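A.B. asks: Heads up: the sequence lines are chains A and B, in that order. Position one of the first sequence corresponds to residue 423 (our numbering), numbered consecutively onward. Position one of the second sequence corresponds to residue 175 (our numbering), numbered consecutively onward.
In case anyone wonders, no lab produced these hints; they're calculated from the structure. A portion of the hints provided could be inaccurate.
Computed list of lysine to aspartate or glutamate pairs in EDC-like fashion (alpha-carbon distance at most 20 Å, straight line) [said to hold, decoys possible]:
#1 Lys677(A) with Asp266(B)
#2 Lys679(A) with Glu702(A)
#3 Lys805(A) with Asp382(B)
#4 Lys676(A) with Glu430(B)
#5 Lys677(A) with Glu430(B)
Quick caveat, the model's predicted, so the values are computed rather than measured.
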Amino acid sequence: MSAELLRLEHVNFQIDNFHLSNIDINLYENEIHVIMGENGAGKSLLMQIVCGLVTPDSGSIYIHNELVRSKSMSNDMFDGVIYIRQDATMLTKLSIAENLFFNNMPYKNKLLRSIDYDKLNYMCQRLIEDLDLPVTVFDKVDSLGFAQRQIIEFCRAYISDAKIVILDEPSSALTHSERDLLYRIVSKIKAKGAGIFYITHCIEDVSLLGDRVTVIKSGSIIGSRNVADCPQEEIIKMLSGRYIMSRYPKIVIKKGKNILSVRNLGFSDKLKNINLDLCEGDILGITGLAGSGRTLLANCLFGAVDGVAGDLYLNGSKIKLDSPYKAISNGIALIPENRLTDSLFGYMDISNNVAVTSLKRFANYSFINTGYMEQVVADYVEKLNIPQHLHNNIMEYTGGNQQKAVFAKWIMSRAKIFILDEPTRGLDIASKIDIYNSINDLIKKKAGIIFISSDIEEIFGICDRVAVLANRTCVCNVPTKDITIEKIIELSTGKEQ
Amino acid sequence: MFAIERIKIIKDYLNKDKHVSVAKLSSLLNVTEVTIRRDLEKLESEGFLKRAHGGAVLNADLEETYVFEDSEDDHTPQMMEISDTIFHLVSDNDIIMLTDGPTNLMAAKKLTHKKNLTVLTNDLRIALEFSSSPSNKLILLGGDLNESAVYGQLAINNMQNFSLNHLIVEVEGVSKKTGITVSSISKASLIQEACKMAETVSVVCLADHFGSKSFYRVGGLDVADKIITNSTLDDSYKDYLFDLNIQLYTSVNIYEE
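The shape of chain A in the complex, shown without the other chains (with noise of 0.2 Å):
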């Protein structure tokens, strides 16, 4: 029976609008244990609590079986975990030894602080042996592909004396045989006695390297399953668990003619062989994992990206979107993921926020007739509920209110196509039920919407059909009623065919 490393009981912590709640979890030497969940699910944040840099509002974290102090003030990090990110940074200018023993470098003269070198590589190298690597002991860090630096951030985990080791997407960016090296480094460390919390959106490596699986789902812990006794089936009713589709104000509208139509899309080595159509009065859904290039596919359709490849035709005519301005004005609308940098202009108030993309309905000779302006912002204001007070700075609103005022910027500009990016993630209730009728109110006259979202039962509740991103491309584009959220989780995973 191996020691218990971690224990986590009835943790709590909120932030925003995201709650974890009541999180009971606990890792044992000698284990892979898996963490499974959609994009926002709280893995991260949970994983952060875990290796002491977010504090919990309530509950208790027990190391070795001994109850952690919280040290109040400092975030730092408990000893003896290790956080490996994706997004690490790495000392560029360095070679790959000094990177990986950068906490543990072998000393001529520890007062001095001068480096054995030859010590350093000849640890770097018997390293190198040790797991295969496919690099040298001389090799610079900037002459390395991502997925390589991503290889050797794993190393740095197996050198350390770490016993609780994070893995967050380790899996993600690697190709096949990348993955196999991991698994690799990833038994060796569980070999050395640590305990590692793998967080994947990848089934097979639960069933690959986990011995145990969690799945987490809104801040929650769903279920955690020994892997020997759970099949991938159930690992995928657990993620999608009790869905319930049937909250969204979904209406019924009869299709109008084709607006849009994309064909053979691709973009340098991030997107290919994309095709869509949207009709007057449709939604379709686009879903994918992190990474799988729905937010680069926004940007291509809004005509934000230089280089793409593929055609486009608008109302039947062919087009080349070289700019957003061009997009814009043949009546596409973006509404980007990142509000505060992409969408609202932070210093501006909410008037001018609302009328910026449709100041030529108010211009006359060269001045703004801002009392017209206001009194018909005033209204789509009204319309969607946002709290009158057209001086005010727009950074004054709540991220509802924001975002609703970057709806009626768009609706107001009369846009007929409505590109929507994650539109409703991270928002208050009321203002995406006010979202979702205000796109049913678009659908109804006649405007076509392509929802993107990770929100799987969102895109269910909402969308009329859904096409799913994968591997680089659209691996599905189905009626929504055609398919199952369980199968559309399969096709995010994105198995290679």
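Since the structure of chain A is already known, use the hints to place chain B on it.
C.D. replies: Structure of chain B alone, referenced to chain A:
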């Protein structure tokens, strides 16, 4: 500047102030007085206003036609929004029941444009709307007539011969504490029985009537699969209903094609 928008602003002004002057409109909208006069002419021909010295006044006659028997304030625009949503929730060939009420009546007017509906109702006025729509089938329940709708055991017995896709009930009150309430006990019984026969139950209620209660309880909020109301509904209800897994349609009329 779009003429449509100008007209809209003029209408809003009139609704608020009851009268308006050409000079004021001309400077506000930044167009010539001639243009304003033309807009006012147009609105006069629609019966919306009467032109007078230097301006126009709201047409008092117009207001009367929109008053319904049971409303203290004029809820017509809200009812219009809701009835539009109801229209989009019904498909050709559906079997539906519409209980009595002014909003349902407005919805009925629109629903006559659908094809091959089978409509069950206890409201005389709704029946009358469909009588001139040959493409749809209407069944009027028989029973005790009270004002313009039938209720009572006879009507309930009558109703039990049918099974519906979709029941659309208009109610007078919705609240977290007391649930769904209506103005008479016979109406409550009728609706309770009707719910048992429908696959989907939609509850129609003006946003202003949320949080208030009428006299007789139909049931808890879980009776409803969908609730159709206005976007001005209080945020706390939006949260509450979403958590109860009820599809909440807060009709909004915002997009101009």
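A.B. asks: Evaluate each hint against the coordinates.
C.D. replies: Taking the hints in turn, this is what the structure says about them:
no. : hint                     : result
1   : Lys677(A) with Asp266(B) : 14 Å, holds
2   : Lys679(A) with Glu702(A) : 6 Å, holds
3   : Lys805(A) with Asp382(B) : 15 Å, holds
4   : Lys676(A) with Glu430(B) : 19 Å, holds
5   : Lys677(A) with Glu430(B) : 18 Å, holds
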